[in-house]
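Undergrad: Chain residues, written in single-letter form:
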Amino acid sequence: MINIEIDGKKVEVENGRSVIEAAHQAGIYIPHFCYHKKLSIAANCRMCLVQVEKAPKPLPACATPVAEGMKVFTASEQAVKAQKGVMEFLLINHPLDCPICDQGGECELQDLAVGYGGSASRYQEEKRVVLHKDIGPLVSAEEMSRCINCTRCVRFGIEIGGEMELGQAFRGEHAEIMSFVSGTVNSELSGNMIDLCPVGALTSKPFRYKARTWELSRRKSISPHDSLGSNLAVQVMDNRVMRVLPLENEAVNECWLSDKDRFSYEGLNSAQRLTRPMLKQGGRWQEVEWQVALEYVANGLRQVGKEAGAENIGALATGNSTLEEMYLLQKLVRGLGSDNVDFRLRQADFSADGKQLGAPWLGMSVAELNQADRFLLVGSFLRKDQPLLAARIRHAVKRGAQASVLHSADDDLLMKVANKLIVAPSEMVSMLAQILQTLAAEKKAAVDASVQPLLQGVATSATAQAIARSLMSGERSVILLGNFAQQHPQAAQLQLLAQHIAALCNGRFGFLGEAANSVGGYLAQAVPSAKGMNAAAMLASPRKAYLLLNVEAELDTQNGAQAVAAMQAADMVVALSAYKHQASEYADVMLPISPFTETSGTFVNTEGRVQSFKGAVKPLGEARPAWKVLRVLGNLLNVAGFDYDSSEAVRDEVLKGMEVSSKLNNQLQGLTVQPAAAMHGLQRVSEVPIYATDAVVRRSAPLQATHDALPPHAAMHGEELKKLGVTPGAQVKVKTAQGSAQLAIAADDKLPMGVVRVAAGHASTAWLGAMFGTISVERA
Amino acid sequence: MLSDQIQTQINRELGKYPADQKQSAVMAALRFVQDEKGWIANEDMADIAVYLGMPQMAVFEVATFYHMYNLKPMGRHTLTVCTNISCMLCGSGETVEHLSKRLGIGLGEVTADGKFGLREGECMGACVDAPMFTINNKKLCGRLTSEKIDQILAELDKQ
Numbered sequence: 001m002i003n004i005e006i007d008g009k010k011v012e013v014e015n016g017r018s019v020i021e022a023a024h025q026a027g028i029y030i031p032h033f034c035y036h037k038k039l040s041i042a043a044n045c046r047m048c049l050v051q052v053e054k055a056p057k058p059l060p061a062c063a064t065p066v067a068e069g070m071k072v073f074t075a076s077e078q079a080v081k082a083q084k085g086v087m088e089f090l091l092i093n094h095p096l097d098c099p100i101c102d103q104g105g106e107c108e109l110q111d112l113a114v115g116y117g118g119s120a121s122r123y124q125e126e127k128r129v130v131l132h133k134d135i136g137p138l139v140s141a142e143e144m145s146r147c148i149n150c151t152r153c154v155r156f157g158i159e160i161g162g163e164m165e166l167g168q169a170f171r172g173e174h175a176e177i178m179s180f181v182s183g184t185v186n187s188e189l190s191g192n193m194i195d196l197c198p199v200g201a202l203t204s205k206p207f208r209y210k211a212r213t214w215e216l217s218r219r220k221s222i223s224p225h226d227s228l229g230s231n232l233a234v235q236v237m238d239n240r241v242m243r244v245l246p247l248e249n250e251a252v253n254e255c256w257l258s259d260k261d262r263f264s265y266e267g268l269n270s271a272q273r274l275t276r277p278m279l280k281q282g283g284r285w286q287e288v289e290w291q292v293a294l295e296y297v298a299n300g301l302r303q304v305g306k307e308a309g310a311e312n313i314g315a316l317a318t319g320n321s322t323l324e325e326m327y328l329l330q331k332l333v334r335g336l337g338s339d340n341v342d343f344r345l346r347q348a349d350f351s352a353d354g355k356q357l358g359a360p361w362l363g364m365s366v367a368e369l370n371q372a373d374r375f376l377l378v379g380s381f382l383r384k385d386q387p388l389l390a391a392r393i394r395h396a397v398k399r400g401a402q403a404s405v406l407h408s409a410d411d412d413l414l415m416k417v418a419n420k421l422i423v424a425p426s427e428m429v430s431m432l433a434q435i436l437q438t439l440a441a442e443k444k445a446a447v448d449a450s451v452q453p454l455l456q457g458v459a460t461s462a463t464a465q466a467i468a469r470s471l472m473s474g475e476r477s478v479i480l481l482g483n484f485a486q487q488h489p490q491a492a493q494l495q496l497l498a499q500h501i502a503a504l505c506n507g508r509f510g511f512l513g514e515a516a517n518s519v520g521g522y523l524a525q526a527v528p529s530a531k532g533m534n535a536a537a538m539l540a541s542p543r544k545a546y547l548l549l550n551v552e553a554e555l556d557t558q559n560g561a562q563a564v565a566a567m568q569a570a571d572m573v574v575a576l577s578a579y580k581h582q583a584s585e586y587a588d589v590m591l592p593i594s595p596f597t598e599t600s601g602t603f604v605n606t607e608g609r610v611q612s613f614k615g616a617v618k619p620l621g622e623a624r625p626a627w628k629v630l631r632v633l634g635n636l637l638n639v640a641g642f643d644y645d646s647s648e649a650v651r652d653e654v655l656k657g658m659e660v661s662s663k664l665n666n667q668l669q670g671l672t673v674q675p676a677a678a679m680h681g682l683q684r685v686s687e688v689p690i691y692a693t694d695a696v697v698r699r700s701a702p703l704q705a706t707h708d709a710l711p712p713h714a715a716m717h718g719e720e721l722k723k724l725g726v727t728p729g730a731q732v733k734v735k736t737a738q739g740s741a742q743l744a745i746a747a748d749d750k751l752p753m754g755v756v757r758v759a760a761g762h763a764s765t766a767w768l769g770a771m772f773g774t775i776s777v778e779r780a
Numbered sequence: 001m002l003s004d005q006i007q008t009q010i011n012r013e014l015g016k017y018p019a020d021q022k023q024s025a026v027m028a029a030l031r032f033v034q035d036e037k038g039w040i041a042n043e044d045m046a047d048i049a050v051y052l053g054m055p056q057m058a059v060f061e062v063a064t065f066y067h068m069y070n071l072k073p074m075g076r077h078t079l080t081v082c083t084n085i086s087c088m089l090c091g092s093g094e095t096v097e098h099l100s101k102r103l104g105i106g107l108g109e110v111t112a113d114g115k116f117g118l119r120e121g122e123c124m125g126a127c128v129d130a131p132m133f134t135i136n137n138k139k140l141c142g143r144l145t146s147e148k149i150d151q152i153l154a155e156l157d158k159q
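For the protein sequence lines, the chains are G and B, in the order given.
Counting in the numbering used here, the first sequence runs from 1 upward without gaps.
Counting in the numbering used here, the second sequence runs from 1 upward without gaps.
Since the hints were made in silico from the structure, they are not lab data.
One should not assume that every hint holds.
[Unchecked claim] Quick look at which bits of chain B chain G covers, simulated, 3 or more residues with Cβ under 8 angstroms:
no., stretch
1, 48-57
2, 76-89
[As the list claims (entries may be wrong)] Keeping only pairs whose Cα atoms sit at most 27 angstroms apart, straight-line, the calculated BS3-like set for lysine-lysine is:
no., chain 1, residue 1, chain 2, residue 2
3, G, K398, B, K16
4, B, K139, G, K416
5, G, K37, G, K57
C-beta: ideal position from N, C-alpha, C; glycine also.
Isolated chain G (complex conformation) (with noise of 0.2 angstroms):
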């Protein structure tokens, strides 16, 4: 520890620290703009500038570590000399028009002016030009005269994003922020670059001139989107949300947001908003009062479970579902007699199911991935499905931790990963079972028996060997499995060879949850129990009634071409749902229910982190939160325990008295395996691009504008191509056992060979069917 006195105060501070960050641990400011806690120290701005006991001239504040006994002053003569010196010249080419930026009012720059600006320029030349540049969808970059080339954007692209899209071109008077040839900034994080500019030269395209920032209130919220959970400021006019920025949180998303969390609430007033019940009345839809619509909803259920049996209503939520909704969603189901009711609808394989101790998680806190020094990545699209966790492990492989994938693609993570394996599907096991054969044999260890059958007959590969030596040599070694991982035909395999290879390299194995309440949907027991049919098999073997909560059927689930077979067969289909969709086409009743902001609830991160939040708006027409519309329907159904006055006293009903580290566990017990049989032909691999997940997402219109968001197409290596006889870009039929669909074909030399990659949870592909299985292509 360093002793230092800064203003007359005396501070200990750690060896190596910068007299900034000392300032800031003594509660004392220092203005500056480059400086920024989370990234690298540029000292180009000289805002920070302070003077220091026996300097020579002032020093900047950033990047003049400690000192034992250094005496800073912040604000003696000649520090603010400095201050307003270096004030002047920023302002020589800032446009002084403050009234008409976009910025104006939460401007670092604007800020410091009223304390060490001038009242009037005493600048009389013509002040620089830089061009406006169109970055994207998301980042406006219109006013690129405003820049005070401070670099955060630069920094931040190339340290947290992973990729160096944006940088400084030219010099001196000329240097411009650019990006490469007007390439558009397509990181999935490039949001943030907003929030760092610290003036108005990068400002949200979507929320440009909308609002000033004192006329909106900041309302607290969670996003419903990935397993995270980002903490939220919504900001709220008029009872409308006008923007979403992050609320800090080290140990959750730190002072950051993905795209998705940030720009999703374009979608929330979306056009296609229901806001008014509507009913299905002789093959038209009406609008009806709800009393109507609820009565109609009580009465078939009713009729459904009185004429062919209870176990013949499903209940299907997706995982954005609160923790409350899920929890009188299978309530309201099992009061009716019925134990069918999930919310893991991309799942195909639940053979884990009564098998595994306790709800799958992260098996770790989010933070201590930053701790982990060897990662085993396993299935995972993880810049798109899991962004922040994403910047998280590159954080700690910059930092000299490994990083090795199994995969079926091979998507760019912008990290350094040590060892690769990309293979079809089918061989994910196998793959996996070397690499625990390799452990084993290192460590000499025996394999318990439960896994023996996988192990039959591997050989092992080099690059299996490599990843079980980097697991090994590691102190903190993790195994997760991705959505994909999750999402594949023998997930519990995968999930039983993780448990044994974590076992024996001392690590840990967790999941990266798919949804914001991946987590929750098992605490609120919306998981059938050991009678009760689970998402895949009531949609395989259908059901008379269907309780959808927020399902998309077609692009939701893992079979969607299955999904919307069983709705178009089921006599009754309620539809609680925040948008019209194509439920129009199988429901009998559609209940129009609030979307995160207009609604009280619970998501419970991967992590198994609880967080509660409160509606920021009122909702939309006649919309109701999920949770009351249950409620009535217990009542009116005559459920018993439907009686709560707030969503917290539901969640107080579901998590009193939990110890929720307690319900978490990722070990699986007395599961027997079997090896699946070897599949012939094509296989295909499908991600559900990150601007798809959910319903919310897919009506932001920036974000379904950018990069991300293209329509699907299909994507082979090269040499299966030439062998099909098909060139790159042309139209192609692809065929599945469930349907076909007629997509432009890519070549894609970084996939395995046998495999025909093409996205699902797009209205374009799913007729397709499956995520997983064999698939075809041929000329269209």
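Got chain G; can you put chain B on it based on the hints?
TA: Chain B alone, transformed into the frame defined by chain G:
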């Protein structure tokens, strides 16, 4: 695609740096391209980025930072006149004026036959000989007068 010759040159350059710091060779790589083609196109920067395993934008930053890199086609003989303070005091204004008149082009332009290009440059660190220009960044010509310039142009014209 970078030509074989450029690749060989870059490879020789790479030998001077640690294997994990290939981007150290970026300035040399840009120079090799310019020596061969006379200028550096965006596509060349992209190729260099791939070759050295660095972001395209980082190559672009370097290429735009140094004035000696030509970012558009220049003449076979590109004259870069220093217009910084010492040269300016010693009459670089007249040098530029004379060159413009003789060649019929302004700063940053190329003659119609592609033979001569004229550029403005930064201090060349040899102020004792001011005013001065360089020919293709290789040859320094100082203590310029109208007569001396005409003589140099005549010689270049013959090549």
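Undergrad: Does B/K139 pair with G/K416 here, judged by a C-alpha cut-off of 27 angstroms?
TA: Violated, at about 44 angstroms.
Undergrad: Check, residue by residue, whether the stretch 48-57 of chain B contains three or more positions whose beta-carbon lies closer than 8 angstroms to a beta-carbon of chain G, and give the verdict.
TA: Three-residue rule met by the stretch 48-57 of chain B, so holds; n is 3.
Undergrad: Going straight from one Cα to the other, do G/K398 and B/K16 come out at no more than 27 angstroms?
TA: Holds, at about 25 angstroms.
Undergrad: Counting residues of the stretch 76-89 of chain B whose CB is closer than 8 angstroms to a CB in chain G, do you get three or more?
TA: violated (count 0)
Undergrad: With a cut-off of 27 angstroms on the C-alpha distance, tell me whether G/K37 and G/K57 pass.
TA: The hint holds at about 25 angstroms.
In summary, the structure is inconsistent with hints 2 and 4 from the numbered list given earlier, while agreeing with the others.
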